Amino acid sequence: MATANTGKKRVIFFLKANPGDEVCVAGTFNNWDATACRLEDSDDTGNFKRSMFLPQGRHEYKFVVNGVWCMDTGCAEWTSNGMGTLNSVLNV
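Residues 101 to 192, numbered by this note's numbering, are exactly what the sequence shown covers, in order.
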């Protein structure tokens, strides 16, 4: 039986930040919408995470913490974004 996630793989975005921060992930998979994909800190320890299903392929992304765009320093691959900063790269 086909599901809505056919052809997609589950990925988990994780960022250690301060409890109470607002953390989102934005990238090529959501048209760089800085508020569409919020990460949750379910135990109020600053361990923010979100599970998503993404299509296979190469995705560029950044975290947005309290409105400030940040690279994923735990990511092994980055690429120049043409604006003088780097984007994190996730290959699904």
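Rather than coming from a laboratory, the hints here were simulated on the basis of the structure. Don't take every hint at face value.
The list that follows gives simulated cross-link-like pairs (lysine-lysine, DSSO-like), each with its CA atoms no further than 30 Å apart [as the list claims (entries may be wrong)]:
hint: 1; residue 1: K116; residue 2: K149
hint: 2; residue 1: K109; residue 2: K149
hint: 3; residue 1: K149; residue 2: K108
It should be emphasised that the depicted structure is a prediction, and the values quoted were computed from it without experimental measurement.
Against the structure, the hints:
Under the criterion of a C-alpha separation no larger than 30 Å, the hint pairing K116 with K149 is consistent with the structure, at around 9 Å. Taking the CA atoms of K109 and K149, the gap is about 16 Å. The hint holds against a cut of 30 Å. Restraint check for K149 and K108: satisfied, since their Cα atoms lie roughly 19 Å apart, inside the 30 Å limit.
Every hint, counting from the list given before, is met by this structure.
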